[in-house]
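Asker: Letter 101 of the sequence shown, counting from 1, is numbered 101 in my numbering, and no numbers are missing.
For the record, the hints were derived by calculation from the structure and aren't laboratory data.
Honestly, I wouldn't trust all of these hints.
Cross-link-like lysine-lysine pairs, in silico, DSS-like; alpha carbons within 25 angstroms at most [as the list claims (entries may be wrong)]:
1) Lys68 / Lys2
2) Lys68 / Lys118
3) Lys9 / Lys276
4) Lys9 / Lys118
5) Lys118 / Lys2
6) Lys68 / Lys9
7) Lys276 / Lys118
Label pairs and their in silico Cβ distance ranges [said to hold, decoys possible]:
8) Leu252 / Ala19: 39 to 45 angstroms
9) Thr44 / Thr278: 49 to 55 angstroms
10) Ala15 / Leu234: 32 to 38 angstroms
11) Val112 / Val249: 17 to 23 angstroms
12) Leu88 / Gly263: 34 to 40 angstroms
13) Ala104 / Leu252: 28 to 34 angstroms
14) Ser34 / Leu266: 36 to 42 angstroms
15) Glu277 / Ile96: 41 to 47 angstroms
16) Leu245 / Ser3: 45 to 51 angstroms
17) Asn115 / Phe241: 24 to 30 angstroms
18) Pro255 / Asn115: 18 to 24 angstroms
Glycine residues also receive a C-beta, built at the ideal position from the N, C-alpha and C atoms.
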Amino acid sequence: MKSLTYYLKTAILMAILTAESYFVTNLLLTYVRSEDYFTPGWQTLAVIGVALLLVLCTYTLTVGAWGKWEQYFVVPAPISGGIFLGLLMLNPTYAILVAAVCYAIIAYDVWVSTNVSKMMLFFDPRTILRFSNRGVMFAFALLAGVMTFLHPSIQKNQFDVSGEIAEIAQQQVDTALESQQDKVESTVESQVGQTGFSFEISNFNLDLRSTVKSEVDKIIAPYREFIPPLIAFLVYFLIRFLGGLANFVFNLIAPLLFGLARGTGLFHILHVPVQKETLSFSPEQDVDHMVTHAPSITPK
């Protein structure tokens, strides 16, 4: 019979994880609706990355509730539940399907992490939770890609790819001209004398948007039906990259996080007897060798 403290800690962590997953889902939905797929602001990416890191930190603390089957509920249920709540107002059917897929993905990777945990004498979160961490980040990246693919402007080919590329090209040209302006300004003024001519970028009106847009339209015209999945893949890889960064930061802070969890009494260290399986050419166990080289079970 589990203690009341066990259920209280588990319920609190699950509630926090649900809220965080709901928050991440709304962040991704806002990003997709902005249609700023190619040049998102660093603030947007930073907020998404930090939110993913918080999800990782919270879900990994649920290991205190893991047992025979509990981990297949306390981890995927709140995450998929938060995703479901975030998509419910958008489309209930879509929300159910996406949440179910995310539940299956996360549950599988938790199963892998559980098997890894059974093979280790010490609980190393960076090793044991590596697979489930990737599963959680994969679920959110897949969610972002699917939301992008199903976005109305993408499905109707209303997203102006050529316009976005033209805008990026114009920004690069303007930046290059501005960086060279100070170098050539004195030379130009000495050549034109006292004509009153001012060497300003605006005087040249070097607007390449229409030219670049028309040329890009000609290139992508035969492949326009491939634009929705291509943009969805780009968004998927972007969120996957942010998830990778969040996982990297988690690996750095994991010892501190779990040290604090032990120090505050969230975790209690328990020692259980185990039998270790080894492979040998000899049918008899070398007891002396096993005893001499047996690892200590004293926690680090």
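Asker: All the hints need checking, so say for each whether the structure fits it.
Answerer: Hint-by-hint comparison with the structure:
1. Lys68 / Lys2: Holds. Lys68 to Lys2 sits at ~13 angstroms (cutoff 25 angstroms).
2. Lys68 / Lys118: holds (11 angstroms)
3. Lys9 / Lys276: violated (32 angstroms)
4. Lys9 / Lys118: Between Lys9 and Lys118 the Cα gap is close to 23 angstroms, so the pair holds against 25 angstroms.
5. Lys118 / Lys2: holds (21 angstroms)
6. Lys68 / Lys9: Holds, because 18 angstroms separates the two Cα atoms, which is no more than 25 angstroms.
7. Lys276 / Lys118: Holds, at about 10 angstroms.
8. Leu252 / Ala19: 39 to 45 angstroms: For Leu252 and Ala19 the Cβ distance comes to about 25 angstroms; the hint is violated.
9. Thr44 / Thr278: 49 to 55 angstroms: For Thr44 and Thr278 the Cβ distance comes to about 51 angstroms; the hint holds.
10. Ala15 / Leu234: 32 to 38 angstroms: Distance hint for Ala15, Leu234 holds at roughly 34 angstroms.
11. Val112 / Val249: 17 to 23 angstroms: holds (22 angstroms)
12. Leu88 / Gly263: 34 to 40 angstroms: Because 39 angstroms falls inside the window, the suggested range holds.
13. Ala104 / Leu252: 28 to 34 angstroms: The hinted range 28 to 34 angstroms holds for Ala104 and Leu252, with Cβ atoms some 30 angstroms apart.
14. Ser34 / Leu266: 36 to 42 angstroms: holds (38 angstroms)
15. Glu277 / Ile96: 41 to 47 angstroms: holds (42 angstroms)
16. Leu245 / Ser3: 45 to 51 angstroms: violated (38 angstroms)
17. Asn115 / Phe241: 24 to 30 angstroms: holds (28 angstroms)
18. Pro255 / Asn115: 18 to 24 angstroms: 23 angstroms Cβ-Cβ, so the 18 to 24 angstroms window holds.
Going through the hint list in order, the structure does not satisfy hints 3, 8 and 16.
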